[in-house]
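Generate the whole structure from the sequences, applying the supplied hints.
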Amino acid sequence: MTDNTKELIINLGPQHPATHGVLRLILEVEGEIIKKCIPHIGYLHRGVEKLSEDLTYVQVLPLTDRLDYLSSMINNVGFCLAIEKLMGINVPERAKFIRTMMAEMARICSHLLWIATHALDIGAMTVFLYAMRDREKLLEMFEMVTGARLTVSYPRIGGVRCDINDKFLEELEKFIEEFPSKVEEYETLIDRNRVWLKRTKGVGVITAEEAINWGLTGPTLRGSGVYYDVRKFFPYDAYDKVEFEVPVGKNGDVYDRYKCRMLEFRQSAKIIKQCIEKLPTGPILAEEAPRIRMPSSPLKINKEDIQFEIYLMEKNIEDFIKKFTEVYASVEAPRGELGFYIVCDESAKPYRMRVRAPSFVHAGALSRLCEGSLIADVIANIGSIDIVLGECDR
Amino acid sequence: MNLIEIVKKLRDKFPHEVLWFRCFREECDVTVKKDNIREILIYLKNTPTLEFNYLIDLTAVDYLGFREPRFDVVYHLMSIKYRHRLRIKAQVPEQACSIPSICDIWRTAEWFERECFDMFGIEFKGHPDLRRILMPEDWEGFPLRKDYPVFSDLAEKEWLTFIELKQKAKELRGNND
Chain A
1 MTDNTKELII NLGPQHPATH GVLRLILEVE GEIIKKCIPH IGYLHRGVEK
51 LSEDLTYVQV LPLTDRLDYL SSMINNVGFC LAIEKLMGIN VPERAKFIRT
101 MMAEMARICS HLLWIATHAL DIGAMTVFLY AMRDREKLLE MFEMVTGARL
151 TVSYPRIGGV RCDINDKFLE ELEKFIEEFP SKVEEYETLI DRNRVWLKRT
201 KGVGVITAEE AINWGLTGPT LRGSGVYYDV RKFFPYDAYD KVEFEVPVGK
251 NGDVYDRYKC RMLEFRQSAK IIKQCIEKLP TGPILAEEAP RIRMPSSPLK
301 INKEDIQFEI YLMEKNIEDF IKKFTEVYAS VEAPRGELGF YIVCDESAKP
351 YRMRVRAPSF VHAGALSRLC EGSLIADVIA NIGSIDIVLG ECDR
Chain B
1 MNLIEIVKKL RDKFPHEVLW FRCFREECDV TVKKDNIREI LIYLKNTPTL
51 EFNYLIDLTA VDYLGFREPR FDVVYHLMSI KYRHRLRIKA QVPEQACSIP
101 SICDIWRTAE WFERECFDMF GIEFKGHPDL RRILMPEDWE GFPLRKDYPV
151 FSDLAEKEWL TFIELKQKAK ELRGNND
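Chains as they are written, first to last, in the working numbering: chain A, 1 to 394; chain B, 1 to 177.
It is worth saying that the hints were derived from the structure and are not from the lab.
Backbone N, C-alpha and C define an ideal beta-carbon position, used for all residues, glycine too.
It is possible that some hints are incorrect.
Here are the computed lysine-lysine pairs in the DSBU-like style, where the Cα-Cα straight-line distance is at most 35 Å [stated by the list, open to error]:
#1 A:LYS85 x B:LYS13
#2 A:LYS232 x B:LYS13
#3 A:LYS322 x B:LYS8
#4 A:LYS303 x B:LYS170
#5 A:LYS322 x B:LYS81
#6 B:LYS9 x A:LYS85
#7 B:LYS125 x A:LYS300
#8 A:LYS323 x B:LYS9
#9 A:LYS273 x A:LYS167
#10 B:LYS33 x B:LYS45
#11 A:LYS303 x A:LYS241
#12 A:LYS232 x B:LYS8
#13 B:LYS125 x A:LYS36
#14 A:LYS35 x B:LYS33
#15 A:LYS174 x A:LYS232
#16 A:LYS50 x B:LYS45
#17 B:LYS146 x A:LYS273
#18 B:LYS170 x A:LYS349
#19 A:LYS278 x A:LYS182
#20 B:LYS146 x A:LYS322
#21 B:LYS45 x A:LYS323
Which bits of chain A does chain B cover? Going by a derived footprint, with three or more residues having C-beta under 8 Å, they are [to be verified]:
#22 79-89
#23 352-364
The following block contains the structure:
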């Protein structure tokens with residue numbers, strides 16, 4: 001009998017529950033082994049970057065909610081940080097602490113959904129129910145303060161929208177007290193489960209050097225043993241006033257990435273606890289913060305802040321250099337580094353807004369992670385890089 | 001080494017490439033000519049005192065009507081070891097809308113360059129697979145260019161596939177009647 005084999009092409013997605021949205025993968029397989037994996041994205045492209053050029057800085061804020069809808073709070077914070085940096089606004093201390101607290105709540109929220117779906121994809125049903133139970137409590141707390149559960153639009157340029165009350169703090173404190181034991185509960189379900197270990201250990205391995213080369217960030221990078229966290233490297237809000245550790249993995253496989261996120265749960269709880277303890281009193285919005293009806297006045301930037309030197313240029317470029325100022329600000333989103341690059345032309349609208357989305361980069365690295373592995377491991381890999389397509393396609 | 005020293009060092013190394021630098025809010029951007037962008041980035045990546053080993057972002061900005069050359073391709077670099085960030089900008093004119101690709105220096109640039117091509121129509125020479133990434137393959141025009149409208153009321157500007165789809169729907173409806 002002669003071998004009559006040929007490569008088979010399998011189409012995974014865009015409508016597939018395990019691709020966490022509308023991700024489409026074209027897999028060229030030989031038996032069970034993947035020879036080539038080509039991700040296709042763009043099904044959720046809404047043109048946020050283009051739209052923002054037509055809106056004022058204040059109006060862009062709700063658009064950022066819709067990027068990574070699982071942790072909209074952190075998206076908002078990232079955008080606000082960029083604009084505050086551009087305008088030179090000093091945020092009041094209380095607002096900084098509230099934002100840090102809320103951002104960590106959003107991180108726990110997002111990671112809870114991640115563990116729920118990731119475990120479900122691999123075959124552990126129970127974790128889903130436990131994680132969703134706790135996520136619900138956090139969403140209710142978000143609702144209590146912001147009035148919304150997912151797309152919160154709570155931070156404002158220069159502070160936050162409204163103050164938090166004692167009832168909220170009480171409930172949050174109660175939740176945080178209980179939460180570390182809940183994390184242990186999830187771990188008892190899967191951490192020593194043989195199926196879980198088989199499906200995650202040694203799967204989707206990426207070395208530290210390669211991870212940097214592919215531009216991975218967040219827990220996906222730290223799983224490979226690279227210590228890089230925006231909160232520590234370029235501290236924003238109140239992260240330099242609280243103590244926390246950044247968990248780092250070793251092997252760079254799906255299991256280590258899972259472990260990193262599980263340890264982040266505890267660190268986030270620790271940060272929230274410190275925020276509640278240290279929460280100062282005072283205003284929640286800076287005096288110079290732009291109000292809703294901002295478009296009437298253009299953005300004023302002090303020309304003395306711009307320092308420049310021209311080496312080679314025949315034409316007079318000085319006016320151009322002074323006119324277009326730009327900033328880059330980034331935050332540690334649950335998925336990785338979320339960066340906002342803003343070019344300002346002194347009008348009330350951003351001249352160019354660029355969103356550096358971690359999911360976009362991670363989806364690009366999927367081809368590297370999947371090649372040479374089994375079809376079943378594709379699902380584990382997608383889960384472990386934790387992508388949200390809303391952010392990926394923007 | 002602070003950012004201004006880095007820029008001075010870069011300028012000493014490439015005196016004919018660096019056009020100007022600007023510092024604003026503790027950030028530094030250096031504008032360079034596009035032809036030797038690869039050499040500049042390799043130098044920044046491999047010099048032991050700089051070690052910009054991480055490419056955070058690659059994008060472009062369109063300065064239509066404000067400046068000639070029209071585009072800037074923007075590279076955000078970071079060093080994990082020294083914890084500093086630098087922005088390198090390469091000028092790209094509209095007529096010769098291309099720049100050398102840096103895919104082999106950082107693999108992450110592969111998708112960034114595809115996106116940049118998709119949105120601005122800048123060609124990255126040496127890119128292994130330069131296709132549209134976010135927009136449909138048969139899309140016309142480059143959405144993030146400044147001469148591309150946000151809202152279009154021109155019927156002929158409508159996406160061709162959508163027109164075909166509408167026509168087909170109309171036909172099907174006609175058959176049922």
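Between LYS322 of chain A and LYS8 of chain B, is the straight-line Cα distance small enough, at 35 Å or below? With a Cα-Cα distance of about 21 Å, the restraint between LYS322 of chain A and LYS8 of chain B holds, given a limit of 35 Å.
Per-stretch coverage check for the region 352-364 of chain A, three Cβ contacts closer than 8 Å to chain B: holds (count 7)
Is the hinted pair LYS174 of chain A and LYS232 of chain A satisfied, with a Cα-Cα distance of at most 35 Å? Given pair LYS174 of chain A, LYS232 of chain A holds - Cα atoms ~27 Å apart, limit 35 Å.
Is the Cα-Cα distance between LYS146 of chain B and LYS273 of chain A 35 Å or less? This hinted pair is violated, its Cα atoms lying about 47 Å apart.
Are the Cα atoms of LYS303 of chain A and LYS170 of chain B separated by 35 Å or less? violated, 59 Å
For the pair we were handed, LYS323 of chain A and LYS9 of chain B, check the Cα-Cα distance against 35 Å. holds, 26 Å
With the threshold set at 35 Å, check whether the alpha-carbon distance from LYS35 of chain A to LYS33 of chain B stays at or below it. violated, 40 Å
Do the alpha carbons of LYS232 of chain A and LYS13 of chain B lie within 35 Å of each other, as the hint requires? holds, 32 Å
Is LYS303 of chain A close enough to LYS241 of chain A, meaning Cα to Cα at most 35 Å? holds, 32 Å
For the pair we were handed, LYS85 of chain A and LYS13 of chain B, check the Cα-Cα distance against 35 Å. Distance of about 31 Å is within 35 Å: holds.
Does LYS322 of chain A lie within 35 Å of LYS146 of chain B when you go C-alpha to C-alpha? The hint holds at about 20 Å.
Keeping to a limit of 35 Å between CA atoms, is the pair of LYS33 of chain B and LYS45 of chain B held or broken? holds, 18 Å
Violated hints for the displayed structure, listed by number in ascending order: 4, 7, 14, 17 and 18.
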